[in-house]
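**Student:** Line by line, the protein sequences are chains B and C.
Sequence positions in the first sequence follow the working numbering and run 1 to 303.
Sequence positions in the second sequence follow the working numbering and run 1 to 258.
Do not rely on the hints blindly, as some may be mistaken.
What the hints assert, rightly or not - Below, a list of computed lysine to aspartate or glutamate pairs in the EDC-like style, where the Cα atoms sit at most 20 Å apart:
no. : chain 1 : residue 1 : chain 2 : residue 2
1   : C       : K240      : C       : D250
2   : B       : K208      : C       : E237
3   : B       : K208      : C       : D257
4   : B       : K92       : B       : D185
5   : C       : K240      : B       : D93
6   : C       : K175      : C       : E154
7   : B       : K276      : C       : D89
8   : C       : K13       : C       : E74
9   : B       : K201      : C       : E70
10  : C       : K233      : C       : D245
11  : B       : K208      : C       : E215
12  : B       : K201      : C       : E74
13  : C       : K33       : B       : E85
14  : C       : K233      : C       : E253
15  : B       : K208      : B       : E62
16  : C       : K230      : C       : D250
17  : B       : K14       : B       : E295
18  : C       : K13       : C       : D86
19  : B       : K14       : B       : D93
20  : B       : K201      : C       : E237
Everything labelled a hint here was simulated from the structure, so no lab data went into it.
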Amino acid sequence: MADLSVNIAGVPFKNPVIPASGTFGNGREYEQFYPLSKLGGISVKGMTLHGQPGNPAPRVAETPAGMLNSVGLQNPGVDHFIEHELPNLMTKDTVVIANVAGHTVEDCSEIARRLDSTPVHMLELNISCPNVKQGGAAFGTSCQNAAQVTAAVRQATNKPLMVKLSPNVTSIVEIAQAVESAGADAVSLINTLLGMRIDLKTRRPILKNNVGGLSGPAVFPVAVRMVWQVANAVRIPVVGMGGISTWQDAVEMMLAGAAAVQIGAAIFADPYAPVKIIDGLNQYLDENGIARVSELTGAVRPW
Amino acid sequence: MNYCQGQYPLIQKDNLAKNIYSFTILCPEIAEKALCGQFVHVKANGFLLRRPISLCEIDRAAGTIRIVFEIRGEGTRAIADLRQGDLVDLIGPLGNGFTLLEPGKKAVLVGGGIGVPPMVQTAAHYGKNATAIVGFRSANAVILTEDFEKNGNELMLCTDDGTLGRKGFVTQALKERLKRGPADIICACGPGPMLKGVVELARQYGVKCEVSLEERMGCGVGACLVCACKTVKDGQEYYKHVCKDGPIFDSSEVIFDE
């Protein structure tokens, strides 16, 4: 049995597999399939300062090897999370990552401040949601804004701070370096790629929001490339995500430089995907005589 | 509540009408827990997203469920391509169910097109006390009438073009039925405009009404929040989710968009 544990920004994870924010709610639904303690951690549904209703339906569309979504951060707000979800989650013997998604720098700081006094293990600052009009990706597409919001949240909390990056930028490396300089303890990438589909009969976009975020296997090679580039340019840990569906994908993402991985759309196809990936990683390490999963991180041998 | 996910044998496949298929699937663990009005989330080979399909029949003794669905696009086509003996990857049973009153109560089940299948099991519960009002475009699209007859239900069959049964929409037949005598509950599934008409009649006649809604779905279990439907409570509008809060909703809380 290989050592699957990893440490990210001082937070120990029993294994490197984490369901991605927005795909796993607050864990309650998937607990009906398996104990959450199997997971390395959970990145919970993104929270805003006040609740918000989200976008009109349809919010999802199939794409070749993937899907588009335009949920628009529907959530009941940070206080609801702290009061009604966090106490339950903290009993599940897994790392709890609060995904913070404010509309303004002040919102983000205030959410972080409220979470600072809770037992939550880690914050993931989402500066990359493509589905809300203000905030979200607006922070994540310029180095200056990304650094500003990161610095403000850094000041508001002593919790380990991971910043989730948008791929919809000219240079994700520069954004990653900007948030590292501003005090991020880790980065996670990639959020979804902005996309669109149109119904031929109605000539209307399938999504009521017209555009939405692409995820699923379609984005995997893009994610591997970006994780590789970022991991080579920053000193903080990189958590890789984007289209990982199998343990082989997870190994590939770690070889590219990820210290841990997040699993998203694959869970919709197979609720057990995270558990199967953990089991597959374990078997792969054993079969190849690799003692620790962390040895995979950045072990790619580039040409 | 706990969900089952697995691969279950397709033991009977029938083509009921053009592009409409009936699957009987052996899945005792799902059949055991399933309620009228719930759905299963069906894997379409080659596609990321599953397709939600309502239960048409539940046979606990045989350990089977039956789903009847229409080919709407490539995903449902991939499901329809499965052959008898193949395994079907299902998550279920999901969502809530129709309120089931005592079988002696008078129920009216209204289905339009591919909204008809979810009515069969509920109609069976009420037997001769149920009126099944089913509507189709044309005679060649008519399905499942023998199932309602087998249930002992009163059947009011409508086609848009009058090629079978009465000519016209289910709402006309529903009005006639409600004029004729009292009803304790109306359950309905079908296209939005039809549901809107049914809900309006239920309101006029003061009959409790539940509707089964459909929306493009992601996880199917309430985590991803994509299958939003607009609802209202105490004057406050908000998005509920078809997969977990539904697919059955009390008609008083649903807002039908144009």
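**Student:** State for each hint whether it applies.
**Tutor:** Checked hints:
Pair hint K240(C) plus D250(C) holds up; C-alpha atoms about 12 Å apart against a cutoff of 20 Å. Between the alpha carbons of K208(B) and E237(C) the distance comes to roughly 18 Å, so the proposed pair stays at or under 20 Å and holds. Using a Cα cut-off of 20 Å, the hinted pair K208(B) and D257(C) holds, with the two alpha carbons roughly 12 Å apart. Proposed proximity of K92(B) and D185(B) is contradicted: the alpha carbons are some 24 Å apart, above 20 Å.
Only pairs whose Cα atoms come within 20 Å are accepted, and K240(C) paired with D93(B) is rejected, the gap being roughly 30 Å. Of the supplied pair hints, the one linking K175(C) and E154(C) holds, its CA atoms being roughly 15 Å apart against a limit of 20 Å. Between K276(B) and D89(C) the CA atoms are separated by roughly 16 Å; this keeps the pair inside 20 Å, and the hint holds. Only pairs whose Cα atoms come within 20 Å are accepted, and K13(C) paired with E74(C) is accepted, the gap being roughly 19 Å.
Proposed proximity of K201(B) and E70(C) is supported: the alpha carbons are some 18 Å apart, at most 20 Å. At most 20 Å may separate the alpha-carbon atoms for a hinted pair to count; K233(C) and D245(C) meet this at roughly 14 Å. For the proposed pair K208(B) and E215(C), the alpha carbon gap of about 12 Å is at most 20 Å, so the pair holds. A threshold of 20 Å between alpha carbons decides the hint, and for K201(B) with E74(C) the separation of about 15 Å falls inside it, so the pair holds.
Of the pairs offered as hints, the one joining K33(C) and E85(B) is violated, with about 27 Å between alpha carbons and a cut-off of 20 Å exceeded. Taken as a hint, the K233(C) and E253(C) pair is honoured in the structure, with Cα atoms around 6 Å apart against an allowance of 20 Å. A hinted pair counts as satisfied when its Cα atoms are at most 20 Å apart, and K208(B) with E62(B) qualifies at roughly 14 Å. Between K230(C) and D250(C), the direct Cα distance comes to roughly 13 Å. Compliance with the 20 Å bound is thereby established for this hinted pair.
Straight-line distance between C-alpha atoms of K14(B) and E295(B) comes to about 15 Å, which keeps the hinted pair within the 20 Å bound. Restraint check for K13(C) and D86(C): the C-alpha separation of about 10 Å stays at or below 20 Å, so the hint holds. In summary, the hint linking K14(B) to D93(B) is supported, as the alpha carbons are separated by about 10 Å, within the 20 Å threshold. A threshold of 20 Å between alpha carbons decides the hint, and for K201(B) with E237(C) the separation of about 30 Å lies outside it, so the pair is violated.
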